[in-house]
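Spelled out, the chains give:
Number of protein chains: 2
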Amino acid sequence: MTWRMAHRADRLDPSTIREVLKLTERPGIISLAGGLPAADTFPVEIVAEATSAVLRASGRQALQYATSEGFPPLREWVADRVSRKGIAAGPDDVLITTGSQQALDLIAKVLVEPGAPVAVESPTYLGALQAFSPYEPSFAEVACDEGGPVPGALQDVGDARLLYLLPTYQNPTGRCLSAQRRQQVAADLGEAGVPLVEDDPYGDLWYDVEPAPPVSALMPGRSVYVGSFSKILAPGLRLGYLVAPPDLYPKLLQAKQAADLHTSGFTQRIVHEVVKDGFLDAHVPTIRADYTRHRDAMAEALTRHLPPGCRWSVPAGGMFFWVELPPGADAAALLPAAVAAGVAFVPGSPFFAGGGHENTLRLSFVTVPPDVIDAGVALLGGVIDGALQPTR
Amino acid sequence: MTWRMAHRADRLDPSTIREVLKLTERPGIISLAGGLPAADTFPVEIVAEATSAVLRASGRQALQYATSEGFPPLREWVADRVSRKGIAAGPDDVLITTGSQQALDLIAKVLVEPGAPVAVESPTYLGALQAFSPYEPSFAEVACDEGGPVPGALQDVGDARLLYLLPTYQNPTGRCLSAQRRQQVAADLGEAGVPLVEDDPYGDLWYDVEPAPPVSALMPGRSVYVGSFSKILAPGLRLGYLVAPPDLYPKLLQAKQAADLHTSGFTQRIVHEVVKDGFLDAHVPTIRADYTRHRDAMAEALTRHLPPGCRWSVPAGGMFFWVELPPGADAAALLPAAVAAGVAFVPGSPFFAGGGHENTLRLSFVTVPPDVIDAGVALLGGVIDGALQPTR
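Here the protein sequences line up with chains A and B, keeping their order.
Heads up, the final residue of the first sequence is numbered 392 in the working numbering, and it's a clean run with no missing numbers.
Heads up, the final residue of the second sequence is numbered 1392 in the working numbering, and it's a clean run with no missing numbers.
In isolation and in its complexed conformation, chain A is listed as follows (with noise of 0.2 Å):
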């Protein structure tokens, strides 16, 4: 065999995600499985006047290799940001990131020791664990409720590396922690001593009531703060960053190095210009009270369509629903059976590092219009109800 693999090459394995997006990509199909956000919110017409604007006034240095740290005003914009939610950082503690998720590929790169715990809520964000799986560590589900990690469950992964938490309407589950809760995170992590990386990509798409601050706010020194441009303004400019303490910083910018060298200091420039003079304060409500809409509309929509059985929480913010079926279903096995009828969901069982919780599965009510998340959680009640009454 000319190949040979590493051995933490088998901690690879094809994203669930990514193929049932494969499936979706077939017309016709009404897709709630994907995370995309609704294109009608991207601001073309923005990005094409601050493409112009920076390529007249800097064209050549923006279109030269930069430094890996990021584009200087764009990192001092994001500590300022970052610091108007509680956390103290100034630009020196920002590293521009190729999206977020290459923020979590870094930390992993620079933390994560093969066979050494990592803690990670139950379930979690599917693609922290593909971006963890390859440093070859083990996983420590903590023990949650719908309300975030519950009191006490760290003291079970003392010896964790880290704790990754989303948790501000987390990717799968929607969920977001009280202020109460954030504390009680943050002390149990104190006590356990083991550090926080907080990944917070749709803290400003909240619906109701503004969430509380971070819980890397609660934890000085202690964290690592991970946010993103790709929920408030576009994801195909693949923007995202990190906020770091200086005892830490210093490895991950050299592990930034040695991935890619640095970000797109083009893209870098055109979202700074994009975003430096407050147009995200106008945008991101748009955002907000477009999805305030969908969400509605899907939580309207299982109500009437899924059958009894099934439980679910709106979420208060974010782009997801978290469906439990009954007991003893299989959201997977369905999944053919739903796309044959023109629907596609995401199963919910690889968001739990071990496993398991089958009859789990995600809505995205973000991608596709009102009426047609009506039309598809109508196409999805039916399968689910197919499924559990199968001798009807």
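None of these hints come from the bench; they were simulated from the model.
All of these numbers come straight from a predicted model, not from anything done at the bench.
If you anchor each label on the Cβ, the simulated ranges turn out as follows:
#1 B/Gly1354 to A/Arg56: 45 to 51 Å
#2 A/Pro72 to B/Ala1337: 25 to 31 Å
#3 B/Pro1336 to A/Glu76: 27 to 33 Å
#4 A/Asp281 to B/Ala1088: 49 to 55 Å
#5 B/Asp1247 to A/Gly355: 26 to 32 Å
#6 A/Gly28 to B/Ala1088: 35 to 41 Å
Just so it is clear, CB atoms sit at the ideal spot from N, CA and C, and this is done for glycine as well.
Given the structure of chain A, go ahead and fit chain B onto it with the hints provided.
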């Protein structure tokens, strides 16, 4: 201590080049250090037009999430381009990466086993050593002469997981393997059962005669070929690619997805818009003509200004001269004096996996104009001359 680093993080070191580049940010320094393309070769207007066209025709798709493999038309274009270089490849073999540096990271993630040898040239591209190192290989330096790896040298690295080779206008030496030497290397690799990772960022930058076809053309199925748009279009776009056989590609794709989901579809579409109708066929010759003047200016300047005992070859392409000072000289020790005098270079030792060779240094001839090259080399000659005769 809050942060327990992974063992592999010990292998992440501050980049020598990076530190040097920081020095050269001082105003007035003539930098022959970095590998920055001449910014006046960047087609700013063309990129601006292409961006407008992309945003007009498919703005929402360009700003949306996209497939991990890359933008299909760009993959087709790459497949066609490498096929014309003799590498039998279709679009499905092409993976678009965030610069060619990311291709090296992904390859290492999939193929480099801790402790197992990776064969590299002596010297080799420092960025490749940095990409590979966190995956904890041992490096096996392959004996090289001015023509590349010497015949039979691969017999000593039979257990290597791969040979990393930059056969065409190598960074840092500028050397180019002859057709005969390429056949020899391919035969030696076949005999040793070692696959090839061929890095080819400079292949289009030939100044005298076109180089022999890539070594990968001689090793179908047993090679990964890595290319880049950085040197023929613009590095700030961060676009590269790898071409891999079907029994390796899926793992590289999964590593890509774990690393950053996908490379910006916005920049991919822009670059495709720029190149699709043959722009590079007219553009690259202008870069070649420009860099030929730079190369010739540096060749003359070295002859004029460097003291006796210094050796170099005139590269037939690429971006670098490699200079050997007399034995016993230490290029790194000269750097502070050089920067004080107003010129910067990169010491050669870090390009050797095993260190040593302190009397070598690398000079870039593409970043600054020919007259400035002469001034810079004159300053460098004075510093070297002073160091070689310290008591004068």
